[in-house]
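First to last, the sequence lines map onto chains A and B. Under our numbering, the first residue of the first sequence carries the number 1, and numbering increases by one thereafter. Under our numbering, the first residue of the second sequence carries the number 1, and numbering increases by one thereafter.
If you are wondering where the hints come from, they were derived from the structure by calculation, not from laboratory data. A hint or two may mislead.
Stated by the list, open to error - Calculated cross-link-like contacts (lysine-lysine; reagent style BS3-like; alpha-carbon spacing at most 30 Å):
hint	chain 1	residue 1	chain 2	residue 2
1	B	79	A	110
2	A	83	B	110
3	B	73	A	79
4	B	83	A	73
5	A	110	A	192
6	B	73	B	110
7	A	126	A	83
8	B	192	A	126
9	A	79	B	192
10	B	83	B	192
11	B	73	A	83
12	A	110	A	83
13	B	79	A	79
14	B	83	B	123
15	A	79	B	110
16	A	110	B	83
17	A	83	B	79
Unchecked claim - Now the in silico label distances, taken between C-beta atoms and shown as ranges:
hint	chain 1	residue 1	chain 2	residue 2	range
18	B	74	A	34	49 to 59 Å
19	A	130	B	235	25 to 35 Å
20	A	79	B	74	49 to 59 Å
21	A	241	B	98	48 to 58 Å
22	A	153	B	184	19 to 29 Å
23	B	255	A	81	28 to 38 Å
Computed from a prediction, not measured in an experiment: that's the story for all the values here. Yeah, the Cβ is synthetic: ideal placement off N, Cα and C, and Gly gets one too.
2 protein chains.
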Amino acid sequence: MRYVRFTRDGVTRYGLVDGDMVRPIAGEPWTDPTPSGDAVALSAVTLEVPVIPRTFYAAGINYAAHIREMAAKRGETPKFPEKADIGYRANNALVAHDQDVVIPAHATTKINYEGELVVVIGKQAKHLTEAEAMSCVFGYTIGNDVSERTWQRGDRTFWRGKNTDTFKPMGPWIQTQADLDAMETIVRVNGKEDLRFKTNDMIFGIAHYISQMTRYLTLYPGDVIWMGTDGTSPDLVHGDVVEVELTGLGVLRNRFVREGA
Amino acid sequence: MRYVRFTRDGVTRYGLVDGDMVRPIAGEPWTDPTPSGDAVALSAVTLEVPVIPRTFYAAGINYAAHIREMAAKRGETPKFPEKADIGYRANNALVAHDQDVVIPAHATTKINYEGELVVVIGKQAKHLTEAEAMSCVFGYTIGNDVSERTWQRGDRTFWRGKNTDTFKPMGPWIQTQADLDAMETIVRVNGKEDLRFKTNDMIFGIAHYISQMTRYLTLYPGDVIWMGTDGTSPDLVHGDVVEVELTGLGVLRNRFVREGA
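Model the full structure from these sequences, guided by the hints.
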């Protein structure tokens, strides 16, 4: 099943996608998915960020080629993570499918995409074993962990480099089923394929991350975990359109525009 | 004015404190403070975390003595921040005044308090100058940025060291007025004064942080900014009660308990 968060006539709510139509539901998909109201055409609604999480988790580095290629770019020895230390991103930076990523006028040219699988939590969870971990997962969506590499490396935190407004596109919907082992992540820039990798080829998998995280923290319904990316991105410029496709899940598309360009 | 978020008869809402009484209000203090319902005794309600922020900001290092003393503990040269790079904390870790801080059984003995002034945002804000910055501030509360120093230094992120469940006590209320220049931060352990410093003796002040942050990000009502701490804490043990007082604002009190002790 595929759920969207959408706005129509000034009201934002969740709906269940059925072909080209959306049927509104009473609550959030993980609290009350009871149908409520008439179905409308998907093309007649505005898609919103599929959830504003209580806490926005991100694995950061979690694929081998990304670590090797980023280290090579910096002339450094690759450093692989020794354990599943989760990181964070900020809700102010979220934008929906088809909304613009706005690059601040004084940013450098080092603007990169990172196409990521996003895990959406559906049940409150603490102290889950790896075998139990997937029981708290409601579904999946797609994220683009947009980064300004100069700020990412030069600042004391990731506040500007990763969390500038609009730097975290997420969507277009939450899907409850996914064949993770068959899934490929494909990134296209202006319609041309730029990167392709096996989505589940992670250093630390979803179940391992969740079991490690829930030793210390409680996951809540609506929390999201961005699982990291492989490969590297070209430097994006004003007008570029980036599509992140997760096969069997969907396509997240956003245009990049430079402030004042 | 002093607002509390409280639970009574299973319902959580905001109220305005008037002496020993709380008068419920219709919405959040920054959206709809209209009185709504009968006043009840403050002693008859359970205080909750005063706000679950959309984004939880934290300055981290922002006082000179704290940086010097922490560096000395590690046998390093003190490194002062060159600019106001804001950091983050996680909502899962929040607990209210009088709730316990629970130290995981396998944590080391390096459990420290950090008493902090917390700024609560009341208006959506972007691109504020330093002169305009305070216009988006609704009020102030108190935070204790509890840290496990071994995890803080050894992990790739602050996920366990700073954001383990219950490691972020915040409260007891939000106060709209504060004489920041006169304010002192006083920390007591088991009733005995352990630390005292001038609250506003920050490296980068509130207005400077807000003006720098809003160059890149939108602040939303209910967002919080923890302003950092001065000095250093002893290693806290099972049963210790820590009180963080901000003079003229209130006292945040929490007992520390070790899991399985």
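Tested hints:
This hinted pair checks out: residue 79(B) and residue 110(A) have alpha carbons roughly 27 Å apart, not beyond 30 Å. Between the alpha carbons of residue 83(A) and residue 110(B) the distance comes to roughly 21 Å, so the proposed pair stays at or under 30 Å and holds. At roughly 28 Å between alpha-carbon atoms, residue 73(B) and residue 79(A) fall within 30 Å of each other, so this suggested pair holds. Distance check on the hinted pair: residue 83(B) and residue 73(A) sit about 26 Å apart at the alpha-carbon level, within 30 Å; holds.
Of the supplied pair hints, the one linking residue 110(A) and residue 192(A) holds, its CA atoms being roughly 20 Å apart against a limit of 30 Å. A threshold of 30 Å between alpha carbons decides the hint, and for residue 73(B) with residue 110(B) the separation of about 12 Å falls inside it, so the pair holds. Of the pairs offered as hints, the one joining residue 126(A) and residue 83(A) holds, with about 19 Å between alpha carbons and a cut-off of 30 Å not exceeded. About 35 Å separates the Cα atoms of residue 192(B) and residue 126(A), which puts this hinted pair outside 30 Å; it is violated.
Between the alpha carbons of residue 79(A) and residue 192(B) the distance comes to roughly 46 Å, so the proposed pair goes past 30 Å and is violated. As the CA atoms of residue 83(B) and residue 192(B) are separated by approximately 35 Å, the hinted pair breaks the 30 Å bound. At most 30 Å may separate the alpha-carbon atoms for a hinted pair to count; residue 73(B) and residue 83(A) meet this at roughly 26 Å. Distance hint between residue 110(A) and residue 83(A) is fulfilled; the C-alpha atoms sit about 28 Å from each other, no more than 30 Å.
The hinted pair formed by residue 79(B) and residue 79(A) meets the criterion: a straight-line CA distance of about 24 Å does not exceed 30 Å. Our distance criterion of 30 Å between C-alpha atoms is met by residue 83(B) and residue 123(B), whose separation comes to about 25 Å. For the given pair, residue 79(A) sits about 27 Å from residue 110(B) by alpha-carbon distance, which is consistent with the 30 Å threshold. Between the alpha carbons of residue 110(A) and residue 83(B) the distance comes to roughly 21 Å, so the proposed pair stays at or under 30 Å and holds.
Straight-line distance between C-alpha atoms of residue 83(A) and residue 79(B) comes to about 27 Å, which keeps the hinted pair within the 30 Å bound. A hinted range of 49 to 59 Å for the beta carbons of residue 74(B) and residue 34(A) is consistent with their spacing of about 56 Å. Look at residue 130(A) against residue 235(B): about 33 Å separates their beta carbons, and that is inside 25 to 35 Å. The supplied range of 49 to 59 Å is broken by residue 79(A) and residue 74(B), whose beta-carbon atoms lie about 21 Å from each other.
As the Cβ distance of residue 241(A) to residue 98(B) is approximately 52 Å, the hint placing it in 48 to 58 Å holds. Under the hint 19 to 29 Å, the C-beta atoms of residue 153(A) and residue 184(B), about 38 Å apart, miss the expected range. Separated by about 35 Å at the C-beta atoms, residue 255(B) and residue 81(A) satisfy the suggested range of 28 to 38 Å.
This entry does not satisfy hints 8, 9, 10, 20, 22, going by the numbered hints stated previously.
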